[in-house]
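Colleague: Those protein sequence lines, which keep their order, are chains W and F.
Each residue of the first sequence is one higher than the one before, counting from 29 in this note's numbering.
Each residue of the second sequence is one higher than the one before, counting from 45 in this note's numbering.
These are computed hints drawn from the structure, not numbers from a lab.
Treat the hints with care, as some may be off.
Residues on chain W that point at chain F, a partial pick, calculated with CB under 8 Å [claimed, not checked]:
(1) A63
(2) P124
(3) V131
(4) E158
(5) A198
(6) A202
(7) W235
(8) S238
(9) S263
(10) R291
(11) C295
(12) H309
(13) Y313
Every residue gets a Cβ at the ideal spot worked out from N, C-alpha and C, and that includes glycine.
Here is what each chain is made of, one letter per residue.
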Amino acid sequence: MSSALLDLVVRDVTVAAPDIRSLAFEAADGGLLPAYVAGSHIVVHRGGRTNSYSLTGSGSNPSDYTISVLRQPDGAGGSLALHALTVGDTVRVSAPRSAFAPVTTARRHLLIAAGIGITPMISHLKAGGEWQRPTTLLYRYRPGAAAHLDEARALAGAALVESTSRERFAVVLAEHLSSQPLGTHLYVCGPAGFSASVLQAAADAGWPASRLHSEAFAAADLGPGEPFRVHLARSDVNVDVPAGVSLLEALEGADHGVPNMCRSGICGECIVPVLRGRPEHRDLYLSDDEKADNASMMCCVSRGHDNELELDL
Amino acid sequence: MTPAPFTDTAPPRATAFGDGIVERARHLPFPFSSDSYRYSANVEPAPGRVDTDAGHWGENIIDIDGDYRSDLAERAEILARDPSRCQALSHMRTAVWDVIETLLPIMATDYPEVMAFQRDGLHCSWRNDLLGLQLDFVIGDDSSLGMDPLVFIGGQVQDDIALLDARDGALWLDAGLVTFAADWCLGFDVGMRFTEIHGPVPRVHEERIVSRAEQFLLRLQPGDKFRRTNWTMTVDRRLDTSTDSYPEWGADRRLVLLDPTLPDRLHLRVEVQHLIRLPRTGAVLFLVRSYLVSLTELATVPAWRQRLGQVLAELPPDMAEYKGIDRYRAAASAWLLGT
Numbered sequence: 029m030s031s032a033l034l035d036l037v038v039r040d041v042t043v044a045a046p047d048i049r050s051l052a053f054e055a056a057d058g059g060l061l062p063a064y065v066a067g068s069h070i071v072v073h074r075g076g077r078t079n080s081y082s083l084t085g086s087g088s089n090p091s092d093y094t095i096s097v098l099r100q101p102d103g104a105g106g107s108l109a110l111h112a113l114t115v116g117d118t119v120r121v122s123a124p125r126s127a128f129a130p131v132t133t134a135r136r137h138l139l140i141a142a143g144i145g146i147t148p149m150i151s152h153l154k155a156g157g158e159w160q161r162p163t164t165l166l167y168r169y170r171p172g173a174a175a176h177l178d179e180a181r182a183l184a185g186a187a188l189v190e191s192t193s194r195e196r197f198a199v200v201l202a203e204h205l206s207s208q209p210l211g212t213h214l215y216v217c218g219p220a221g222f223s224a225s226v227l228q229a230a231a232d233a234g235w236p237a238s239r240l241h242s243e244a245f246a247a248a249d250l251g252p253g254e255p256f257r258v259h260l261a262r263s264d265v266n267v268d269v270p271a272g273v274s275l276l277e278a279l280e281g282a283d284h285g286v287p288n289m290c291r292s293g294i295c296g297e298c299i300v301p302v303l304r305g306r307p308e309h310r311d312l313y314l315s316d317d318e319k320a321d322n323a324s325m326m327c328c329v330s331r332g333h334d335n336e337l338e339l340d341l
Numbered sequence: 045m046t047p048a049p050f051t052d053t054a055p056p057r058a059t060a061f062g063d064g065i066v067e068r069a070r071h072l073p074f075p076f077s078s079d080s081y082r083y084s085a086n087v088e089p090a091p092g093r094v095d096t097d098a099g100h101w102g103e104n105i106i107d108i109d110g111d112y113r114s115d116l117a118e119r120a121e122i123l124a125r126d127p128s129r130c131q132a133l134s135h136m137r138t139a140v141w142d143v144i145e146t147l148l149p150i151m152a153t154d155y156p157e158v159m160a161f162q163r164d165g166l167h168c169s170w171r172n173d174l175l176g177l178q179l180d181f182v183i184g185d186d187s188s189l190g191m192d193p194l195v196f197i198g199g200q201v202q203d204d205i206a207l208l209d210a211r212d213g214a215l216w217l218d219a220g221l222v223t224f225a226a227d228w229c230l231g232f233d234v235g236m237r238f239t240e241i242h243g244p245v246p247r248v249h250e251e252r253i254v255s256r257a258e259q260f261l262l263r264l265q266p267g268d269k270f271r272r273t274n275w276t277m278t279v280d281r282r283l284d285t286s287t288d289s290y291p292e293w294g295a296d297r298r299l300v301l302l303d304p305t306l307p308d309r310l311h312l313r314v315e316v317q318h319l320i321r322l323p324r325t326g327a328v329l330f331l332v333r334s335y336l337v338s339l340t341e342l343a344t345v346p347a348w349r350q351r352l353g354q355v356l357a358e359l360p361p362d363m364a365e366y367k368g369i370d371r372y373r374a375a376a377s378a379w380l381l382g383t
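One chain only, chain F, in its complex shape (with noise of 0.2 Å):
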């Protein structure tokens, strides 16, 4: 069965199924296929149905959920508080037109029930009843939309967007909508190449990892549709956890530990990340779609619950320092694992 999704839910509830297993995990794209965790490049086709021990995800390139409202809100008071969230770098409006153009048709085809999209020429019309919006707009033409055309298509899908210019053989980052990052934030990397952006990140260039991933990306051809997870942890349901706003949750990361409500605050937070070439303009979109879950909810599935305290406590000290997690990972894991 389908689990309706347009609704704004509640806090997470059990379900009628009986399993006790709650409705955020049912989608979850857990990201774990064994006991331990290594960079790799693992790119697959999108989209494509992945079954799961909760349930199942994967059927769109866009999902909406029950979080899409809250979601959308959400960003919008982040954007009104720091508008540098969002930038594109003056060649890039073209690619920002090319990701109207190639995302509302797909939004459309998915969710008939809620959302139109029709064209003739460069005259369109978007129909999103989830957002009771109804908007005729010509392509091109900034105005036609009354705001800025990244901050539109950012109104209309909960994933972060990030838009790669691809030039003298490689991957630049030049634009981008990005309110819900975990721990890096747009306004530093906006203008870097793809291999400087991934400086800091440990392993992956003695394994080639970046490199590989940015000629993968440059042959992609216009249309190539592509998705990979990543996942870190997050304290709270929070969203924006971006360097930006680190005086906000930083010390967090600490004080938690102290907590005897630790699993309900603790999230495991899932990136679905797809990158698709723009058929117009050939530049890369990638588009990051966050999910938390907390160690409470997560603990519902038994498999999961196992796993990730097994991922936890494996992981090598250099990753858990980057992602952030070092400080409570053990506790996290121990939590788990019952121990």
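Chain W extracted, bound-state conformation (with noise of 0.2 Å):
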């Protein structure tokens, strides 16, 4: 679904922050691009990688995605790729994802953010000034550090509470944790060990779950998956699915298109039968017993693992 890309031309690189670039991608034409939810992120494919990133736009009609790049030298590479971009380079990027989206029923958002985990919130903040929802946002960061301070102490006023040091953090989150009013939700977003300690601290103060909210890049996206071969033993051929190509549209390429409808796993009209081979079922069509069993796959959505699937087809 929305699997479509994006070639966007970098219009803007701003250095954020030491180690910190923001880059500004727009249509080539200088048109809109789609709108999005705040807290949606993009997903960057360059030089041959995919890497999720915030958007820290408010999601409104917007005529560019801006995102902030942390330089990660030890990272797979991802980063430096990005941040050796200069502008009228051109990127591919997914459609938005929203994965991280503010609850409509919440009384109360508390943001809480490390380092370069504000970018999504920055996001939130615009988009909550749009509607008028009632917003804190709790910012630690490292001295001369910080990306988009600027920004979130102009957005945020007297709504944002800064902290330089891990000891001022932790009294100031336990403060803001005892003290909200009751259906205030919980955002959380920055390195692992910070949402984790954040989430536990919210738990251990009777916070419920089901107010807690860590960004969590990519969750709703089944992914481009690995590249197989599968055998049609009726017609002995084999087809080879690349990555991002599913099984049915692989098929349909060969001529040996099937009956299909939502082409998203839901409906059941393309299912296959297996005859060797372990599928990875990704639908939500057969049953668990049904996926055991092995015997019949989606293939709008399912793939193979290596090239040990064989068809009735």
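Hints are included, so try docking the two chains, each in its own frame, into the full complex.
Modeller: The structure is reproduced here in structure tokens:
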């Protein structure tokens, strides 16, 4: 779903903090881009890698997608590739994906960020301002290394509480966890250890899990999957299925199309019989027992491991 | 050719094609692909043209036809009489504006001769020549519309509107404007979970259809658009067969059996339901567009006459009872099949 990729142009590069660059992408024709839910991210394809980054706009009527990237020399290389971008370069990105949305029924929004985790909170602050959502932001950062600090101050005003040390933040967090009105939702983004400790502190303070939200990139995305090959037993042909292409699309490309409807793993139309091998089931149609049987699969979303799949087609 | 969609149609008339097929059938989304019908998660990406035995349908998300003005006038009358047909829990205000931001540009793109939408930041301009409307408004400013935002957008489309909020891993029907419900009513369902709303539907729970559908909808990403069809039958050309107005139409389901004009009065009711994940809020917009065609009209398409006759004859009793057609479906089937 919404697997379409957008080819965008780098319009602006700014140094947001030491080691952090903000990149603004826009359509080649300068036109509007799809709107998005506050807290959404895009998946950037660059140098054979894909990385997810939070968008920092409100999501309303956007003419650009802006992300902030922390340089991580020890990472897999995605951040270095993005730091090498200059104005005029092209990038391929996914449509925005929502996995960290504000809860509409929240009485109050308590945003908690550390370091580069500030980025989705900037989006929440902007959208919250447009819709008058009561919001508090706790921001922990190292002095001199904070991205979006001026923006956060301007957007949140007195609702921003800054901490520049762990000790100070621990005090601020404890104060705020114990003083929120009933119906407050908490959103946390930052290094894994930071998020885990905030969620633990909230749970210890009696917050129900349904009120706690942490940024989880691509939670709603099935992902492109690994390449694999299927053997069609009746016609004795092999069909290769590259990453990012569904088995259904590959079968159609090989003139072996099957009846289908939703192309999303729910309707059951594109079921194909499996003679041999173990499908990677990713559908919502088959029951757990049927999936364990491995006698059939939904070819629109499910995939194969390696080259072991044989289909009765 | 494209039939003139913007003129109010008189009662159905045969067209100049000489095949005897009535105009209302030309763009009917005939929902049956075989001689038996069962519930399924029959969703597909939208929009997309479907060719039928009588014509085609499905090119646009918002379908505007010859009944546009009369349907909207009927909706306004119903709303004036019963304001409970339009409800929005307070947290759905943003989602209602999301509907406006999403649908108006789609309509302007699909019907450029009669509609135009312009936007500069939050300032918008909307022209709808079919209604003689020219309006400047500001996104998020209810007063700039001069009316409730949900009533406004419900006055631009023939579809009923339901809005589902996604939270706690579930969907909740928290807003809607529903004047043309078939055997349900918004006032009863508003605030309910998706699974609760579908509680009374037979068979679908054993077959996990409702839970699968909910998971599917929760997985949709903002901007995704899907559709499905559903169907029932209605006595007379009556769009409002909600449970609110049951005293007005309930008895007809029995009395029609005694009426020699039964094939003119019994209508196949087809719903095209669009499911759109809204881009700003992530709420799920559920649009229900209802089409009514009488058995007499439907019989101008011989293949449909046979198929609906077979479907009605074969439909299991529990499904016929739930659809409220159990009293007359045998008579309808017999007339269609000529038995």
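Colleague: None of the hints should be skipped; say for each whether it holds.
Modeller: Verification of the hints:
no.	hint	in the structure
1	A63	holds (4 Å)
2	P124	holds (7 Å)
3	V131	holds (5 Å)
4	E158	holds (7 Å)
5	A198	violated (30 Å)
6	A202	violated (27 Å)
7	W235	violated (14 Å)
8	S238	holds (5 Å)
9	S263	violated (26 Å)
10	R291	holds (7 Å)
11	C295	holds (5 Å)
12	H309	violated (14 Å)
13	Y313	holds (7 Å)
In this structure, the earlier hints numbered 5, 6, 7, 9, 12 are contradicted, and the remaining ones agree with it.
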